[in-house]
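Can you make the complete structure from the sequences, with help from the hints?
Chain by chain, the residues:
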Amino acid sequence: MHLQSDKTRTEDLDRLLDAALLSYAAPAEAEDTRTLTAGVMASVRDAESHRRQWRWGFAAGIPALSALLVAAVLFRGAPHTPADSRSHTSLAAAVQPQAAQPALAPVPVLPQISLHEESHREVARLTRTPQTVLVQRTLPKLEQFPSPHPLSLQEALLEGFARTSVPAEKAAIIQAQRNSTQPLEIAAIRITPLNLDTENETSPER
Amino acid sequence: LRQQEETEFTAFVERNSRFVFRVAYAMLRNAHDAEDVMQETFLKLWRKNAWQQLDSERGFLARAAWRTAADRVDAMRLRSREEDQIFDLPSSAPNPEQSALTANWTAVIHQLIDALPEELRRPLALSSVGEMNSRDIAIVLSIPEGTARTRLMRARQLLWEKLFALQKTPQEESRYAPAKR
Numbered sequence: 029m030h031l032q033s034d035k036t037r038t039e040d041l042d043r044l045l046d047a048a049l050l051s052y053a054a055p056a057e058a059e060d061t062r063t064l065t066a067g068v069m070a071s072v073r074d075a076e077s078h079r080r081q082w083r084w085g086f087a088a089g090i091p092a093l094s095a096l097l098v099a100a101v102l103f104r105g106a107p108h109t110p111a112d113s114r115s116h117t118s119l120a121a122a123v124q125p126q127a128a129q130p131a132l133a134p135v136p137v138l139p140q141i142s143l144h145e146e147s148h149r150e151v152a153r154l155t156r157t158p159q160t161v162l163v164q165r166t167l168p169k170l171e172q173f174p175s176p177h178p179l180s181l182q183e184a185l186l187e188g189f190a191r192t193s194v195p196a197e198k199a200a201i202i203q204a205q206r207n208s209t210q211p212l213e214i215a216a217i218r219i220t221p222l223n224l225d226t227e228n229e230t231s232p233e234r
Numbered sequence: 316l317r318q319q320e321e322t323e324f325t326a327f328v329e330r331n332s333r334f335v336f337r338v339a340y341a342m343l344r345n346a347h348d349a350e351d352v353m354q355e356t357f358l359k360l361w362r363k364n365a366w367q368q369l370d371s372e373r374g375f376l377a378r379a380a381w382r383t384a385a386d387r388v389d390a391m392r393l394r395s396r397e398e399d400q401i402f403d404l405p406s407s408a409p410n411p412e413q414s415a416l417t418a419n420w421t422a423v424i425h426q427l428i429d430a431l432p433e434e435l436r437r438p439l440a441l442s443s444v445g446e447m448n449s450r451d452i453a454i455v456l457s458i459p460e461g462t463a464r465t466r467l468m469r470a471r472q473l474l475w476e477k478l479f480a481l482q483k484t485p486q487e488e489s490r491y492a493p494a495k496r
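Those protein sequences? They're chains A and B, same order as listed. Read left to right, the first sequence gives residues 29 to 234 (the working numbering). Read left to right, the second sequence gives residues 316 to 496 (the working numbering).
Keep in mind the hints are simulated off the structure, nothing from the lab. Owing to the predicted nature of the structure, the values given are computational and were not obtained by experimental measurement. Cβ coordinates follow ideal geometry from the N, Cα and C atoms, glycine included. Each hint should be verified, as a subset may be incorrect.
Stated by the list, open to error - Keeping only pairs whose Cα atoms sit at most 16 Å apart, straight-line, the calculated EDC-like set for lysine to aspartate or glutamate is:
(1) B:K359 to A:D74
(2) B:K359 to A:E76
(3) B:K363 to A:E76
(4) B:K477 to A:D42
(5) B:K477 to A:D46
(6) B:K477 to A:D40
(7) B:K363 to B:D389
(8) B:K477 to B:D429
(9) B:K363 to B:D429
(10) B:K359 to B:D386
(11) A:K35 to B:E476
(12) B:K363 to B:E321
(13) B:K359 to B:E372
(14) A:K198 to A:E187
Claimed, not checked - Output of the computed footprint for chain B on chain A, the stretches with three or more beta carbons under 8 Å from beta carbons of chain B:
(15) 41 to 47
(16) 51 to 62
(17) 65 to 71
Shown next as structure tokens:
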């Protein structure tokens, strides 16, 4: 009788075990298939909308970013030239870029020929910029440099004066020219102090 | 095209959602977490667009869900360790002995399964999902099929012995109790 009851109990246990195992991974609180599917599809749609937002963000952001990049590259690639030297780009300025500058214009007219030539060389040295060198290379080479040319009216007068005048006159002119280059002396200005007491007495009361 | 794809995917989810949920639940033993894992698994498939060219839907889904659930368990363990807490907190549910007294045998067996070593519990839990034989279980757990079969047998044997001992105790006590005169 005990054996019979033990056998029955064993079978009962097996059945119990199988039934419990079947329900082990199927909880009672689990949602039905339709609800589970709806939950999954909702999360999928949510993820899709997020992805779409990112796409739109990229679509708007990438052109803006590339435009900024291009601008930055162009800005960096452009030669850094100061504003006042932009006229060098023109052909006329390239030929005589600094000849018209006021610092070089008032070359003192000196009677010595050597000084005159020296000043011409100085002007040529100062005006020799990359642009002028480029232009000069294209010009034909002269047989004699500097080129012989007739004297101007001023130069002819000066030469005539130098030939005919007496040494005392020459010395006086040279002295006068030297003096003209000397700095000017201005006499000190004296300003008498204001008498504030008398001014206050005369001003009307407020 | 996108609309058609979405319709097909919905049918795919409808076919497999319960199966994936059960695989996740077998690992996690929590309906809320299992639902999260199920959604995550399907979402990954949708993003990678890998759901259309599956040779074995169930096999692939079981592996994907199991791995996602395992990652979640690892993350939970790590988080609980960081917070200096014990991951395997004793549940508020009655212990097997208490359940046995109230004759809730299904709950007793579930608790006994939960108390098994993980290497035995996992194959048994996967076998409870249904539609999964020892070969599928071996693939999901990345173990040889023979090992999976042996573990299943050992787990069942251990469970049976514990259950037998639990059932026997009150009956044997009454059977072998000295008769009152």
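Evaluated hints:
{"no.": "1", "hint": "B:K359 to A:D74", "in the structure": "holds (13 Å)"}
{"no.": "2", "hint": "B:K359 to A:E76", "in the structure": "holds (12 Å)"}
{"no.": "3", "hint": "B:K363 to A:E76", "in the structure": "holds (12 Å)"}
{"no.": "4", "hint": "B:K477 to A:D42", "in the structure": "holds (12 Å)"}
{"no.": "5", "hint": "B:K477 to A:D46", "in the structure": "holds (15 Å)"}
{"no.": "6", "hint": "B:K477 to A:D40", "in the structure": "holds (14 Å)"}
{"no.": "7", "hint": "B:K363 to B:D389", "in the structure": "violated (24 Å)"}
{"no.": "8", "hint": "B:K477 to B:D429", "in the structure": "holds (13 Å)"}
{"no.": "9", "hint": "B:K363 to B:D429", "in the structure": "violated (34 Å)"}
{"no.": "10", "hint": "B:K359 to B:D386", "in the structure": "holds (14 Å)"}
{"no.": "11", "hint": "A:K35 to B:E476", "in the structure": "holds (15 Å)"}
{"no.": "12", "hint": "B:K363 to B:E321", "in the structure": "holds (14 Å)"}
{"no.": "13", "hint": "B:K359 to B:E372", "in the structure": "holds (14 Å)"}
{"no.": "14", "hint": "A:K198 to A:E187", "in the structure": "holds (12 Å)"}
{"no.": "15", "hint": "41 to 47", "in the structure": "holds (count 5)"}
{"no.": "16", "hint": "51 to 62", "in the structure": "holds (count 10)"}
{"no.": "17", "hint": "65 to 71", "in the structure": "holds (count 5)"}
Figure legend: structure checked against the earlier numbered hints; hints not met, in rising order: 7 and 9.
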